[in-house]
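The two chains are supplied separately, each in an independent frame; assemble them into the complex guided by the hints.
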Amino acid sequence: MSSDTRTTFSQRSRQSAVDARLHRALDHASLRFLDTRARAFAALPDGEALRDHARAVKASTMAHLAEHLERLEAELIAAGAVVHWAESAAQARDLITNLARARHVRTVVKGKSMVTEEIGLNPALEALGIEVFETDLGEYIVQLAGEPPSHIISPAIHKSQADVAALFHRRLGIPLTDSAEVLTEAARVRLRGPFCTADLGITGVNFAVAETGTLVVVENEGNARLSLSLPRIHIAVMGIEKILPRLADLDVFLRLLPRSATGQKFSAYVSCVSGPRGRGDDGPDELHVVLLDNGRTELLADPVLREALSCIRCGACLNACPVFRKVGGHAYASPYPGPIGALLSPQFQGMQQAAELPFASSLCGACREICPVRIEIPRLLLHWRARLVGAGCAGQTDGRWMRLWSQAMRQRWSYAALSAAARLATRIGRRHRLPGLLGGWTRYRDLPRPAPQRFRHWWSQRPPAR
Amino acid sequence: MSDARQAILTRLRHATSGEGPPLPALSPRPQPADRLVEQFAAELRAVAGTCRHGGTLDTLAGAVASTLPGPAGGTAVHWNTPLLNQLLDTPLLRDGRTWLAAPDAAADAADHAAWRAAAAAATAGLTEADYALADTGTLVLLAAPGQARLASLLPPVHLAVLSAARILPHLDALFTRLGPDRARLTPCLTFVTGPSRTADIEKKLVLGAHGPKQLHVIVYD
Numbered sequence: 001m002s003s004d005t006r007t008t009f010s011q012r013s014r015q016s017a018v019d020a021r022l023h024r025a026l027d028h029a030s031l032r033f034l035d036t037r038a039r040a041f042a043a044l045p046d047g048e049a050l051r052d053h054a055r056a057v058k059a060s061t062m063a064h065l066a067e068h069l070e071r072l073e074a075e076l077i078a079a080g081a082v083v084h085w086a087e088s089a090a091q092a093r094d095l096i097t098n099l100a101r102a103r104h105v106r107t108v109v110k111g112k113s114m115v116t117e118e119i120g121l122n123p124a125l126e127a128l129g130i131e132v133f134e135t136d137l138g139e140y141i142v143q144l145a146g147e148p149p150s151h152i153i154s155p156a157i158h159k160s161q162a163d164v165a166a167l168f169h170r171r172l173g174i175p176l177t178d179s180a181e182v183l184t185e186a187a188r189v190r191l192r193g194p195f196c197t198a199d200l201g202i203t204g205v206n207f208a209v210a211e212t213g214t215l216v217v218v219e220n221e222g223n224a225r226l227s228l229s230l231p232r233i234h235i236a237v238m239g240i241e242k243i244l245p246r247l248a249d250l251d252v253f254l255r256l257l258p259r260s261a262t263g264q265k266f267s268a269y270v271s272c273v274s275g276p277r278g279r280g281d282d283g284p285d286e287l288h289v290v291l292l293d294n295g296r297t298e299l300l301a302d303p304v305l306r307e308a309l310s311c312i313r314c315g316a317c318l319n320a321c322p323v324f325r326k327v328g329g330h331a332y333a334s335p336y337p338g339p340i341g342a343l344l345s346p347q348f349q350g351m352q353q354a355a356e357l358p359f360a361s362s363l364c365g366a367c368r369e370i371c372p373v374r375i376e377i378p379r380l381l382l383h384w385r386a387r388l389v390g391a392g393c394a395g396q397t398d399g400r401w402m403r404l405w406s407q408a409m410r411q412r413w414s415y416a417a418l419s420a421a422a423r424l425a426t427r428i429g430r431r432h433r434l435p436g437l438l439g440g441w442t443r444y445r446d447l448p449r450p451a452p453q454r455f456r457h458w459w460s461q462r463p464p465a466r
Numbered sequence: 467m468s469d470a471r472q473a474i475l476t477r478l479r480h481a482t483s484g485e486g487p488p489l490p491a492l493s494p495r496p497q498p499a500d501r502l503v504e505q506f507a508a509e510l511r512a513v514a515g516t517c518r519h520g521g522t523l524d525t526l527a528g529a530v531a532s533t534l535p536g537p538a539g540g541t542a543v544h545w546n547t548p549l550l551n552q553l554l555d556t557p558l559l560r561d562g563r564t565w566l567a568a569p570d571a572a573a574d575a576a577d578h579a580a581w582r583a584a585a586a587a588a589t590a591g592l593t594e595a596d597y598a599l600a601d602t603g604t605l606v607l608l609a610a611p612g613q614a615r616l617a618s619l620l621p622p623v624h625l626a627v628l629s630a631a632r633i634l635p636h637l638d639a640l641f642t643r644l645g646p647d648r649a650r651l652t653p654c655l656t657f658v659t660g661p662s663r664t665a666d667i668e669k670k671l672v673l674g675a676h677g678p679k680q681l682h683v684i685v686y687d
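Those protein sequences? They're chains A and B, same order as listed. When we follow our numbering, the leftmost residue of the first sequence carries the number 1, and every step to the right adds one. When we follow our numbering, the leftmost residue of the second sequence carries the number 467, and every step to the right adds one.
Treat the hints with caution; some may be incorrect.
What the hints assert, rightly or not - Below, in silico cross-link-like pairs of lysine to aspartate or glutamate (DMTMM-like), each with a Cα-Cα straight-line distance of 20 Å or less:
1. B:Lys-669 <-> A:Asp-178
2. A:Lys-326 <-> A:Asp-27
3. A:Lys-265 <-> B:Glu-504
4. B:Lys-670 <-> A:Asp-27
5. B:Lys-670 <-> A:Glu-181
6. B:Lys-670 <-> A:Asp-178
7. B:Lys-669 <-> A:Asp-163
8. B:Lys-679 <-> A:Glu-181
9. B:Lys-669 <-> A:Asp-35
10. B:Lys-679 <-> B:Glu-594
11. B:Lys-670 <-> A:Asp-163
12. B:Lys-669 <-> A:Glu-181
13. A:Lys-265 <-> B:Asp-601
14. A:Lys-265 <-> A:Glu-48
15. B:Lys-669 <-> A:Glu-185
16. B:Lys-670 <-> A:Glu-185
17. B:Lys-669 <-> A:Asp-27
18. B:Lys-670 <-> A:Asp-35
19. A:Lys-326 <-> B:Glu-668
The set of hints was computed from the structure by calculation and includes no laboratory data.
The following block holds chain B by itself, in its conformation from the complex (with noise of 0.2 Å):
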């Protein structure tokens, strides 16, 4: 196998001799920091996300409340930060809903498991996002313990609360915030612009292929 390596390294010095162009320098992007909050929503609704204000951590609660779609019962996930173990433990959230929290970094196989069958089966998934693009209304999702991937995947509903703070104008903002940087990256940073989608039948517009039919966005101050 390491020969495989050996040869197709030694091939590919070869072929070039090293020889071509040097990487056109990087100019980074302006970063425009006014109605962000505003472009973010437009770019959102345009691709058949909702956005919302939900005011402030104290409004949030109950603009989360009436984001979630209807009826109550059955079980919804969540991602394990303290933001959202604080807003679900309002009961205008928990009445008439069972809640299970993503698992933490102490998590064994048995909490995983359960993890994956509770997402598997629940009507709604709530996240935050740790960051946002403006210019194309693009969540940005980092994996780690408490911020756990099915949450925003498997439920039909997707809801992320998102503070107005980290929106940010466009990704090459984000990559000079993050910098090259692996760890920053986490090992799964994932963007979501609107809900799942498909084209493949006859180029006719689907909603809802594999991933979340719904993503809803409070933006809060």
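Pulled out of the complex, with its shape left as it was, chain A reads as follows (with noise of 0.2 Å):
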């Protein structure tokens, strides 16, 4: 559902960045975001030097990502946890779908995970005839919608109130009503039903603590305790890059990413589940863990992409962005929009297709301004739009241009005929729209005004000096 591959993204972008009702509800929740965000942190008195130690965490631990694994994985037997690995994304649905039909597995309840949709495990498992209820209430929203989610923090951003009581309406029949209250009460009532026979609650981890075989999930809503709490199985799937080394380092990142992302000092639940529940303890019989690198150990053998494994999901780079004010995350076709969707998506999806991405800024660096580990995005852009006109995926057309141009500006007989012919064009009064194949330029420019006088000539003329 999430990989749009029968259109590009400058056809879906080019639409979007004129919907006006999509504007409206994306400036809305941005201007949110970004102005509690800042309220955040200016509160917090050494916010500057947390981000620093957090940057200097991930990427030490990036260094050693291997063994922290495997004592991870040690941590998390001893306590009773089965832990399974996962090379690519058809091995995880195939992991997880192998152990549903196992555990004969008829109702799962899914708190909110963009790994889960990176590996396209829904519809795998909806294969089965299992029934799949995401329950945080945006990925809910976008289910019921049949849509996929458009902002990792925020999944339903690009609906308004409106929306969703239309929607509710059609798919639930509750009577139309303009009260988000009423709204979340219908899917409160909705779910708990699913919440309490479900027989397999998945999972993502924000963080995950080797030295003691934590996983922590972090949310809001309650949905997530619920899906880890309730069913008999817990699955929490985790990208591989989500490991922190010592108790103590989560201490720094459950100070930043909930100030980051919805601009709060502590989320309203923080879950650390080290191991299934214990006599006594009403909680999963059994507790699964899918490690998944589906791309990522090739992004960490890249020195210089490595940083974007940093990356902690906080979403403040969606926000910050203006290319993702005006075209959405569902322009993206990817689970991961955004910034930091451009650094990824090309790496988990491929870059057939996800090429057009890390071309799709203007390199303004408010997305590194705004990223709590600060990742340097603007710069692994550039090294992605590198990596990806070398390996014939993008910009063969800009690269013909390029060479052309570069042919006529090498010689001085050329560059005359071509400043001539500009300036004829221009007082023929064409400056906004070239014909045929030049007209690609002037979609979104002007030509500039040629001056008054060519420079050669005025150089020529100008008195010789003293």
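Have a look at this one:
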């Protein structure tokens, strides 16, 4: 559902860039996100030092990822959990569907998890006749609407309240209302049954502490707590980069993530799971952890792109990005949209699929400024552009024009001819719309007006220096 | 499956050859010790929880009774701890309300099933808090025999009694106290900061998405 291979980013973004309703929704939400985030960081006395520290922890962790993962696995196994390793999205899907089949699972409740979108889990489960309920309100909304999520923190950010009311009316029979409370209550009531009867709960993992084998799930609604406590089996799916080495590191990241994502000092619920239930505890009988690669080891092997794995999925870069604000998350056709999505999607979805994304940026750097772990996003975008061009996935047309231009500029006669042609064109008055192939250049720009006098002419007329 | 494990670990080792900066040293955050109760109360109220001082253990039953939302009647669930069992032995709290205690270590499958049904139908859940964090108004709940998770999750109202001595300044102080000890973290350590909430519809804040709509904390000395 999340990869739309029939259209291009250019086509999708051209449509959404003129969608006024989308812009109203995105502007409203983004400004609120940015405002609350700014206030939260302003109130944090050591915010900058915290970000530097977090970046350093991630950089060091990436260098020793193998040993941290082995430690995490050992701790989890000692606590009674089962650890699975998946090299690819397909392997991860198979692991989970095989387990679901073996355990006679009929209903699944899910916490919000971008990694399960990444591996295309829901359709695979549904193909077995298993009913899958997204329980995060935003995810539930887009599931009812048959759409993919459009933002990693707020999946239904592109929908107005009226949109949601109409959707709930159509799909759930709820009378039309203009109350967000009524709509939220409707979801609460509707999902209570599935929570209580589900055989399997699936969540993502925000952080995994290697030292103690602890999986940390951060949320506000309580749906993740319900998903990892009520069903008899809990499957936690995590990218291998989510590791933190020490319990004490968690303090830094739990101070940064809520502030950066939603402007909160602490999210309403943070669950630290270190095993299946103990005696007398009312948790799941089984805890399974799926450690997913799916291209992360390749990113790690690239010394420039490696820092993209530091991302803590706060979504701040999406809120800051002027491109995202105009085109919205669906234009990216990836579970990871926005600036970080432009870095991760070419790897996770493949270069062919996501080749346009690193080019969909003005390199303004707003993302880099706001990133809590200080990922150098513009630098990494440029690196991806070079790789994509080198691999033949992008820029071939640009390349041809550049070579032509370079030839023309190298010789005096062709330079003079071009200059004369430009002056002629402006006199005819078509600065804003060139014909034919050149029209691509002027679709979004006007040709600059040439100076009244050519530089060479002016230079030759200057009085000699004394 | 272990092929995948081996392949991933091998790729990881080749990817970085172990070269990278050392882990930054950890400097524990200073731990202020004064006015923790006041700070905790202020932070909790800022996130739409309520906080009151219940005096001492002697006056606690009265404080709980007056905080529990009316009307009485229906079932409420509670942690199966000595303190709460004693508290609920008073007529003030017994009258007009049925209480079910969380399963303990000896509970069997039937007990667990009954517990889940009761928690799902309960009007309130009464727990203690193992610790609290003053700088964010956060409760720390450890899953253990008698300390069931669902008591603070399924009912629409969560009421927690908290000993003032258990309030720590911040998260770092908690991790220092619990140490990197998996057993002490228990199978599930839950941080609770205010009632359940969502802002997924036009960024409008709504309380009580899937978890409790109300969180009340009573602090005692």
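Hint check:
no.	hint	in the structure
1	B:Lys-669 <-> A:Asp-178	holds (14 Å)
2	A:Lys-326 <-> A:Asp-27	holds (9 Å)
3	A:Lys-265 <-> B:Glu-504	holds (17 Å)
4	B:Lys-670 <-> A:Asp-27	holds (14 Å)
5	B:Lys-670 <-> A:Glu-181	holds (9 Å)
6	B:Lys-670 <-> A:Asp-178	holds (12 Å)
7	B:Lys-669 <-> A:Asp-163	holds (14 Å)
8	B:Lys-679 <-> A:Glu-181	holds (11 Å)
9	B:Lys-669 <-> A:Asp-35	holds (12 Å)
10	B:Lys-679 <-> B:Glu-594	holds (18 Å)
11	B:Lys-670 <-> A:Asp-163	holds (14 Å)
12	B:Lys-669 <-> A:Glu-181	holds (12 Å)
13	A:Lys-265 <-> B:Asp-601	holds (9 Å)
14	A:Lys-265 <-> A:Glu-48	holds (16 Å)
15	B:Lys-669 <-> A:Glu-185	holds (16 Å)
16	B:Lys-670 <-> A:Glu-185	holds (14 Å)
17	B:Lys-669 <-> A:Asp-27	holds (11 Å)
18	B:Lys-670 <-> A:Asp-35	holds (14 Å)
19	A:Lys-326 <-> B:Glu-668	holds (17 Å)
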